[in-house]
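The primary structure of each chain is shown beneath.
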Amino acid sequence: MLYVDTVVAERLVHRPRFIVAMVVVVSLALLTFNLNDTVFAEILRPIIGAPDQAGWFGRLSIAFILSILFMLNIVVIGFLQFKLQLLIVWSELLLLFLFFFYGFELDFDFIRTKFWFLVTQGVFTTLYVSMVSIVLASIVALFGAVAKLSSNGFAYAIASFYTSLFRGVPLLMQVYLIYLGLPQLGYVIDAVPAGILALVLCYGAYMTEIFRGGIQSVSKGQWEASRALGFKFGLTMRRIILPQAIPLIIPSTGNQFIAMLKDSSLVSVIGVWELMFLARTAGSKDFRHMEMLITAALIYWALSIILELIQSRIERHYRTQSH
Amino acid sequence: MPNPIITMTSVNKWYGSYHALRNINFSVEPGERIVVCGPSGSGKSTMIRTLNRLEAHQEGTIVVDGIELHEKMKDVDLVRMDVGMVFQHFNLFPHMTVLQNLMAGPMWVRGASEKDARNTAMHYLEKVHIPEHKGKYPGQLSGGQQQRVAIARALCMQPKVMLFDEPTSALDPEMVSEVLDTMTELARDGMTMVCVTHEMGFAKAVADRVVFMDAGQIIEQAEPERFFASPKNERLKIFLGQILQH
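In order, the protein sequences belong to chains W and S.
Each residue of the first sequence is one higher than the last, beginning at 7 in our numbering.
Each residue of the second sequence is one higher than the last, beginning at 836 in our numbering.
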C-alpha cells in the first residue's frame, strides 16, 4: 500500500459536479456510436421506435440512460468497503471483457472439443519449459551477478558482454539463431532444448541484473563481519549474503517467471508443442483461429493469476520470517 | 618482556590522493588495553581496520601474532581467526538467531562440533548476561543487547586480540553503560584490547595506554593519568577541552 493519509477528503465520485460532468462526458462518448440496433435499444423500443426510425433522438436517449446507469453504479460502489469494491469492480470488468469475446460469435462446441487437449498437452509443455528455464536462468544469473560485481576484468567483461547481447537482441531472434544456427556449427539441437536454451540465456541476462541488485543491497557490514570472523568468500556468499538477498530477489524473479510463461509462446515458432503452437495448429485445420487464440489467451491469463497468488504467498512468507 | 602481539612500523595508507595514515608506529603487548581517540576523520577507524586487513595499507609493515599482513599473504583468515572485531553497527547476521550467530564462527571456520559450539556460545552469552535471548533474532533485541551479542560472537572464536571500532557510537545513551560494563569485565579478564572510542570514562578506568590521533598521525600516547592530567600537544588539549567540557 502507498502511504495512507489520515485525513479523508470527500470522495471524488460523490461530488455532484464530478457526477454531472461524467454523465455529460460518457453520454458524448456513447453518442459517437450508433446503438439504435443493439440490445441496449430494446428496452427503449416503445419510446424511440424501430432502429431505422430512432435516429439522433434514439442515440441521445440510449447514451443518456447508459451514462446515468454507469454513474449510478460508480456512486454506489463508492459507498462500499475496499474489499467489496475490489470484488465488484473485478467482476464487472471481467463481464465486460467476456462480453467483448462473446461478440465474436465463437463456436463454443469447437472450443469444448479442443480444450482438454490444450490443457493436458499445451499447458504441460508450457509449464515444463518455463520451469526448467527459470531454474537454469537463476543459476546463470547468480554466476552473472557475481561476475558483474567482481573486480576481475575477464569475469566482468564476459558477464557484461553476455547481458548486453542477450538483453539487446529480441528473444524471437535468439530462438531462431539457436535453433537454426547451432546446426551450422555441426551440432543439431532439438526444438525443446533449443527453446529452453534461448529462454535461459535471455532471462538469465535480465535476472543477472536483479541478482546483482539483491546482492548489492546487503550492507557492506555483513561482508566485513563475515570476513572478520574468518569466513571465506564462498562461505560468506552462501550462508550470509544470499540468504539476505533472496527475499529481495524473489518478487522480481516471480515477475520474470510470469513474463517467461508468456514469452515461452515464442518457442512455438520452432515447433515446440506448447500452448501457443497447439492453439494455432488446432485452430487452423478448421479455420477457427479466433476460438483457439482466445482460449489460449485465457489459459495464459489463468496460469498467470495462479502464479501471482503463489508469488504473493512466498513474499509474505519472507516478510514474516525476517524481523 | 614478551613480544608485542601487534606491531605497526612506518605504516602509510592513502585513499586515492588522500593520505589517511601517516607513518604510524605502534605496538601492543599481550594483555594490554589500548584506547584510541581523536576527532572524526583522524584515521583511528582506518588504523584499527588495517589490523585485520579489512583495509589494506600501502607502505610499512603490520605484524599480528607473528604473521605479517600484506597483499600476497596466503591466508588472511588465519589472522582473522585470532583477531575478534566489534563494529559500530553491530553487523549481526539478521537471518540467524542469536545462538546461530555465535555458533557460526566456531563451526564453519574452526570446524567445531555443534555441541561444542553450542557450549561455547552459551558460555559467552552468560558472560555478556543475555543467555535468555539465545533464540531471538537480532532485530528483536535492543541496540545494547545486539552489541553485547556481537561481543560474544567475536569471543566465541577465542581470539587473542579484540578490536572495538566505536562500539557505543550507534547506541542510545541509556544503553552505552551496559556495553561498557561488558567491555570492562572483558578487560579485567586479561583480554588484549584495542578500542576506538570517545568514552573517556572507560579510558580512565580501563586503559593501560591512551592514543590520540589527528590527521592520520599518532600525536601522543600515554597512560591515562598522564594523558588526561598533562597533555603536551596543543591539538590534544583542544580535543580534551571539547569532549570533557560537559
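The hints are simulated quantities; they were obtained by calculation from the structure and are not laboratory data.
Treat the hints with care, as some may be off.
[As the list claims (entries may be wrong)] Listed below are several chain S residues computed to face chain W (Cβ distance under 8 Å; list not exhaustive):
no. : residue
1   : His930
2   : Gly946
3   : Ala947
4   : Ile1073
[Said to hold, decoys possible] Which bits of chain S does chain W cover? Going by a derived footprint, with three or more residues having C-beta under 8 Å, they are:
no. : segment
5   : 915-921
6   : 933-944
[Stated by the list, open to error] Sample of chain W residues with no beta-carbon within 12 Å of chain S, all distances over it, derived:
no. : residue
7   : Leu41
8   : Phe105
9   : Leu133
10  : Ser225
11  : Gln228
12  : Gln250
13  : Ser290
By construction, the Cβ of each residue, glycine as well, lies at the ideal position given by its N, Cα and C atoms.
Do the hints match the structure? See the list:
The beta carbon of histidine 930 of chain S comes within 5 Å of a beta carbon in chain W, closer than 8 Å, and the hint placing it at the interface holds. A hinted interface residue such as glycine 946 of chain S counts as satisfied when its beta carbon comes closer than 8 Å to some beta carbon of chain W; here the least separation is about 11 Å, so the hint is violated. For the restraint placing alanine 947 of chain S at the interface with chain W, the shortest Cβ-Cβ distance is roughly 13 Å, beyond the 8 Å limit, so the hint is violated. Against a cut-off of 8 Å between C-beta atoms, the interface hint on isoleucine 1073 of chain S is violated, since the closest Cβ of chain W lies about 32 Å away.
Chain W is given as covering the segment 915-921 of chain S, and this holds because 5 residues of the stretch bring a CB closer than 8 Å to a CB of that chain, at least three being needed. Coverage of a stretch by a chain is defined here by at least three residues with a beta carbon nearer than 8 Å to that chain's beta carbons; for the segment 933-944 of chain S and chain W the count is 4, and the condition holds. Against chain S, the non-interface label of leucine 41 of chain W holds: every CB pair exceeds 12 Å, the least being about 61 Å. Remark: the non-interface label on phenylalanine 105 of chain W is consistent with the geometry, its nearest Cβ contact in chain S lying 50 Å away (cut-off 12 Å).
Leucine 133 of chain W, annotated as away from the interface, keeps every beta carbon of chain S farther than 12 Å; the closest lies near 31 Å. Against chain S, the non-interface label of serine 225 of chain W is violated: not every CB pair exceeds 12 Å, the least being about 8 Å. The Cβ of glutamine 228 of chain W sits about 6 Å from the closest Cβ of chain S, inside the 12 Å cut-off, so the non-interface label is violated. The claim that glutamine 250 of chain W is not at the interface with chain S is violated, since a C-beta of that chain comes within 12 Å of its own (minimum 6 Å).
Distance to chain S confirms serine 290 of chain W as a non-interface residue, since its nearest Cβ pair spans about 53 Å, more than 12 Å.
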